[in-house]
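Taken in sequence, the protein lines are chains A and B.
Letter by letter, the first sequence follows residues 1 to 114 in the numbering used here.
Letter by letter, the second sequence follows residues 1 to 120 in the numbering used here.
In case anyone wonders, no lab produced these hints; they're calculated from the structure.
Every clue listed holds true.
Using 35 Å as the maximum straight-line C-alpha spacing, the simulated DSBU-like pairs for lysine-lysine come out as follows:
{"hint": "1", "chain 1": "B", "residue 1": "Lys-64", "chain 2": "B", "residue 2": "Lys-14"}
{"hint": "2", "chain 1": "A", "residue 1": "Lys-106", "chain 2": "B", "residue 2": "Lys-55"}
{"hint": "3", "chain 1": "B", "residue 1": "Lys-20", "chain 2": "A", "residue 2": "Lys-1"}
{"hint": "4", "chain 1": "A", "residue 1": "Lys-1", "chain 2": "B", "residue 2": "Lys-64"}
{"hint": "5", "chain 1": "B", "residue 1": "Lys-64", "chain 2": "A", "residue 2": "Lys-106"}
{"hint": "6", "chain 1": "A", "residue 1": "Lys-1", "chain 2": "B", "residue 2": "Lys-55"}
{"hint": "7", "chain 1": "A", "residue 1": "Lys-106", "chain 2": "B", "residue 2": "Lys-66"}
{"hint": "8", "chain 1": "A", "residue 1": "Lys-1", "chain 2": "B", "residue 2": "Lys-41"}
{"hint": "9", "chain 1": "B", "residue 1": "Lys-14", "chain 2": "A", "residue 2": "Lys-42"}
{"hint": "10", "chain 1": "B", "residue 1": "Lys-20", "chain 2": "A", "residue 2": "Lys-42"}
{"hint": "11", "chain 1": "A", "residue 1": "Lys-106", "chain 2": "B", "residue 2": "Lys-41"}
{"hint": "12", "chain 1": "A", "residue 1": "Lys-1", "chain 2": "A", "residue 2": "Lys-42"}
{"hint": "13", "chain 1": "A", "residue 1": "Lys-106", "chain 2": "B", "residue 2": "Lys-14"}
{"hint": "14", "chain 1": "A", "residue 1": "Lys-42", "chain 2": "B", "residue 2": "Lys-66"}
{"hint": "15", "chain 1": "B", "residue 1": "Lys-41", "chain 2": "A", "residue 2": "Lys-68"}
{"hint": "16", "chain 1": "B", "residue 1": "Lys-64", "chain 2": "A", "residue 2": "Lys-42"}
{"hint": "17", "chain 1": "B", "residue 1": "Lys-66", "chain 2": "A", "residue 2": "Lys-1"}
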Amino acid sequence: KQEVTQIPAALSVPEGENLVLNCSFTDSAIYNLQWFRQDPGKGLTSLLLIQSSQREQTSGRLNASLDKSSGRSTLYIAASQPGDSATYLCAVRPFNQAGTALIFGKGTTLSVSS
Amino acid sequence: GAVVSQHPSRVICKSGTSVKIECRSLDFQATTMFWYRQFPKQSLMLMATSNEGSKATYEQGVEKDKFLINHASLTLSTLTVTSAHPEDSSFYICSATNAIQGGGSFEKLFFGSGTQLSVL
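Excised from the complex, chain A in its bound form:
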């Protein structure tokens, strides 16, 4: 059974720091991996999606990498800002089949102080 783990569970940094969030999954046979942002009591905002054949994706100050063989992904946030404070969720899609649900990690709660 696929399990997704995120480390650390919480992280506090001063504004301007670069930081890395980690995600690991137990079964390397995934179709894709996605990083989401969740604000308290809110839904999910998709940040980056990496297909299993890709190594990384970039969007603005965000960069996500994927090492499928080792079951790991990292989300790199450059020059963090207070507005980046949120919970970041990593989710994998197990296989390429229409209508497949995502499997989520517990998330990393990030707090960026000004």
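Assemble the complex: chain A is given as a structure, and chain B must be docked to it using the hints.
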């Protein structure tokens, strides 16, 4: 704008009552909808998968008679928590997809904004 509308965003009810949560896809046909539940500091856990016009498939440990899911149209799915109890208090979120047969290359997946249920 949001492509999946979920409401209510927050509901407080008495123990023993039933609560209905709606999830609507606004600009695409949602062939499949997923319902997740999230307890504080926990991950989103899939409760059930529903395909339009057919019965929902529930994950192990989820009571189908307690969590009634209806997906009668391509734009609307509802989750009804029947005879709610305090332990049902949680954050419920839906996800909709326009999945087509043959694989997920063209599949889009969108999430609602969630419903915080508090049962007193």
